[in-house]
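Undergrad: Now for the letters of each chain:
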Amino acid sequence: MTDAPVTPRTSAEDGFTLIEVMLALVVLSVGVLALVAAYSSGYVALRHATRVSSATVLADSQMERYRARQYASIALNTSCGASCAEDSTYTGDAAYSSTAQVTGCATTDRTCLPTQTLTGPDGQSYRVDSFIAYSCVSGTLSTSPSVSCSSGQNPVKLVTVVVRRSTGGDWVREQSNFNSLVGT
Amino acid sequence: MGSRFRRARARAAAESGFSLVELLIAMFILLLVVTSLTAVLVGASHAQLDADTRFQAQLTDRTGLDKIRREIHCATAVTDTNGNSLTAGTAYTAITVTLPGACPTASGGVTTYSTWCTSASTLTTGDYALYRVTSTALPRPTCGTAGKVKWDDYLQTSTPFCLPSSGVACSGVLKPTSSLPLLHVTLPVNLTGPAAVSGSYNLVDDIALRNGARS
Chain E
0 MTDAPVTPRT
10 SAEDGFTLIE
20 VMLALVVLSV
30 GVLALVAAYS
40 SGYVALRHAT
50 RVSSATVLAD
60 SQMERYRARQ
70 YASIALNTSC
80 GASCAEDSTY
90 TGDAAYSSTA
100 QVTGCATTDR
110 TCLPTQTLTG
120 PDGQSYRVDS
130 FIAYSCVSGT
140 LSTSPSVSCS
150 SGQNPVKLVT
160 VVVRRSTGGD
170 WVREQSNFNS
180 LVGT
Chain H
0 MGSRFRRARA
10 RAAAESGFSL
20 VELLIAMFIL
30 LLVVTSLTAV
40 LVGASHAQLD
50 ADTRFQAQLT
60 DRTGLDKIRR
70 EIHCATAVTD
80 TNGNSLTAGT
90 AYTAITVTLP
100 GACPTASGGV
110 TTYSTWCTSA
120 STLTTGDYAL
130 YRVTSTALPR
140 PTCGTAGKVK
150 WDDYLQTSTP
160 FCLPSSGVAC
170 SGVLKPTSSL
180 PLLHVTLPVN
190 LTGPAAVSGS
200 YNLVDDIALR
210 NGARS
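These protein sequence lines map, in sequence, to chains E and H.
Heads up: the first sequence begins at 0 in numbering that gives the first Met the number 0, then just goes up one per residue.
Heads up: the second sequence begins at 0 in numbering that gives the first Met the number 0, then just goes up one per residue.
So here's chain E without its partners, still in its complex pose (with noise of 0.2 Å):
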């Protein structure tokens, strides 16, 4: 046959050197790790989805008993204690503004709180804030207002409302006007 004996395989010592397993090692863990972050990233895109959805679900509650109100008794009760009180995040909101925040309300009704926490179709507890303004917009509704308008102009109450995290940031936000010729 050969000159050279044809050593058994088996019995061979000369395996795989200390840097090429190394290598094997690194880019199975590249491997291992791009798979690990797809999950993750999925399942914190799933989970945002579900808060979402869930403070969308809080906000168009809370917007349909402002419209179930009367023109008039759509306010925000600013003293109803500290439970609901107005902290330095609503204050910070870009839809607050001290001068034009409507006040008045005397119940205890979800729609006179500023500030409330909620519990979601998901169990999860979720801060509602919301927020009451005068607008004018043009055209001619107005009966009774209660703020001055350039001539031309009508108030109507712009209504916000804002669904966050504990750690700040919004879930969802919705705004609506209300005019005094509708609900009365």
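FYI, nobody ran anything at the bench for these hints, they're computed from the structure.
Mixed in with the good hints, there may be bad ones.
Counterexamples of contact, computed for chain H against chain E with all Cβ distances above 10 Å [claimed, not checked]:
| hint | residue |
| --- | --- |
| 1 | 35 |
| 2 | 41 |
| 3 | 83 |
| 4 | 89 |
| 5 | 123 |
| 6 | 135 |
| 7 | 149 |
| 8 | 166 |
| 9 | 203 |
Restraint ranges, calculated between C-beta atoms of paired labels, are given here [claimed, not checked]:
| hint | chain 1 | residue 1 | chain 2 | residue 2 | range |
| --- | --- | --- | --- | --- | --- |
| 10 | H | 122 | E | 17 | 58 to 64 Å |
| 11 | H | 121 | E | 97 | 54 to 60 Å |
| 12 | H | 106 | E | 176 | 28 to 34 Å |
| 13 | H | 50 | E | 118 | 21 to 27 Å |
| 14 | E | 164 | H | 108 | 45 to 51 Å |
| 15 | H | 121 | E | 29 | 16 to 22 Å |
Partial selection, computed: residues in chain H whose CB lies under 8 Å from chain E [to be verified]:
| hint | residue |
| --- | --- |
| 16 | 181 |
| 17 | 199 |
| 18 | 213 |
Treat the numbers as computed from the prediction; the structure is a model and nothing was measured.
Idealized CB from N, CA, C, for every residue including glycine.
Got chain E sorted already, so can you dock chain H onto it with the hints?
TA: Quick look at chain H alone, frame taken from chain E:
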């Protein structure tokens, strides 16, 4: 150089393969790996199916509520299926919404009676399904009327509708003063049955009867 070349040629020409024992061990290891991979795949596929069904149940729940909301906003009356006013604080299995012909969901532009009712689920024992059935003539339809369409399933309650007054509450909800009448609608869904402690999706809303009087 020469010896390395010779050795390589020798190896290429060698006919000795793997022994039976080596093959058996390799196949056994392969079997272990494939089995565990299959288990992972089957588990993932079950989880995917469960998540998908859950997502669909919650989606149809929200769609159903939206449909009810749009009909009630347009309705001229919300009664029981006999046309009587709803008793405040009482939970109903069925309500009939009277839709004038101009409403988008009225059939053929004429006054339509649209009944929303629950009956036993066909998917899970102990659960309920929400149906909508319409008629353009009296008597008002019920869940027994032919042609009902299912809007929601896996419901955990058979009585989703309740009308609160300013004195009588529905699940703690009172009608505020100076407000339109509100219909309290509760649509809790859970895929794992009424006894389940987790996985609940409790969709609740108070829908304003916009053609009612504010009082």
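Undergrad: Each hint should be assessed against the structure and marked as holding or not.
TA: Structure-based check of each hint:
no.	hint	verdict
1	35	holds (15 Å)
2	41	holds (17 Å)
3	83	holds (23 Å)
4	89	holds (20 Å)
5	123	holds (19 Å)
6	135	holds (29 Å)
7	149	holds (20 Å)
8	166	holds (14 Å)
9	203	violated (7 Å)
10	H:122 / E:17: 58 to 64 Å	holds (59 Å)
11	H:121 / E:97: 54 to 60 Å	holds (56 Å)
12	H:106 / E:176: 28 to 34 Å	holds (33 Å)
13	H:50 / E:118: 21 to 27 Å	holds (22 Å)
14	E:164 / H:108: 45 to 51 Å	holds (46 Å)
15	H:121 / E:29: 16 to 22 Å	violated (49 Å)
16	181	holds (6 Å)
17	199	holds (7 Å)
18	213	holds (5 Å)
Going through the hint list in order, the structure does not satisfy hints 9 and 15.
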